[in-house]
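Asker: Positions in the first sequence are counted from 1; adding 513 to them yields the numbering used here.
Hints are computed from structural coordinates only; laboratory data are not their basis.
Certain hints may be false.
The calculated label-pair distances, taken between Cβ atoms and stated as ranges, are [stated by the list, open to error]:
| # | residue 1 | residue 2 | range |
| --- | --- | --- | --- |
| 1 | Arg586 | Gly673 | 39 to 49 Å |
| 2 | Leu723 | Ser637 | 39 to 49 Å |
| 3 | Leu574 | Lys519 | 41 to 51 Å |
| 4 | Lys587 | Arg518 | 41 to 51 Å |
| 5 | Pro657 | Pro677 | 19 to 29 Å |
| 6 | Lys587 | Leu723 | 44 to 54 Å |
| 7 | Arg518 | Asn556 | 25 to 35 Å |
Below, computed lysine-lysine pairings styled on DSS-like, alpha-carbon distance capped at 25 Å [stated by the list, open to error]:
| # | residue 1 | residue 2 |
| --- | --- | --- |
| 8 | Lys690 | Lys519 |
| 9 | Lys610 | Lys570 |
| 10 | Lys585 | Lys606 |
| 11 | Lys690 | Lys708 |
| 12 | Lys578 | Lys622 |
| 13 | Lys578 | Lys610 |
| 14 | Lys690 | Lys656 |
| 15 | Lys564 | Lys587 |
| 16 | Lys585 | Lys564 |
| 17 | Lys587 | Lys606 |
Model, not experiment: these values are computed from the prediction.
Note that beta-carbon positions come from the ideal geometry of N, C-alpha and C, so glycine has one too.
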Amino acid sequence: MAYNRKKTLASIYRRLYRRFGSQHWWPGETPFEVMVAAILTQNTSWQNVEKAIRRLKKAGLLTPKKLNALDKRKLAAYIHSAGYFNVKALRLKNFLKLFVGNYAGSVKKMSSRDTQGLREELLSVNGIGPETADSILLYALNKPVFVVDAYTRRILSRHGLTGPDAPYQEIQNFFMKNAKNEVKLYNEYHALLVKLGKDFCLKSAPKCALCPLGDLKKTG
DNA sequence: GACCAGGCACATC
DNA sequence: GATGTGCATGGT
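Turn these sequences into a full structure, and let the hints guide you.
Answerer: Written out as structure tokens, the structure is:
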């Protein structure tokens, strides 16, 4: 190989952590809140998600059983600010059916399942794809699973570490085979990549010249 | 007014 | 299997 993947990934993490420090993810008060937000944040800015979460909280509805019992149209109205509200209301209901039906709305019960089986179960829910499933596993249930998102893909691609159209699983494997298998590391690493993406790796007009990572392959 | 944001499912070829 | 499209608000 042209470069050492383990060292490169460790180097990226080191640089990001030195530059940005701990990101304290996930920004939610409870594991259940993280689960709900993971669905609401699909292709949506975090600000809009926060508003929706605040509304649910204020109404006292942010519990598995209450949300599960809530009429879909009413739920859509509560999460309006998060966009795609009809789609997301349905997706939330689909998830809640599983969470309440199979685990009685208990984070502890769900957490006791084996990670792979749970991941497959989450992926079987209509509206939960790989990023949402992995966000729930890592940030709500503390399972050692690396989360890949659009920023991760863009950053790796622009630094020539993976192809621009590399599939989700390939990028996830890239991290999980070459970085320490630790919840704390995966948590911080993904959050730091999002921070870098927001500040320096926009979709258009990338500020690559200022990128804190510099030229990875030469210095990595 | 255009572009973008911590995706996913589905239709069509 | 690849590619395109709908879903929608709110900030820049």
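Asker: If you test the structure against every hint from before, which numbers come out violated?
Answerer: none
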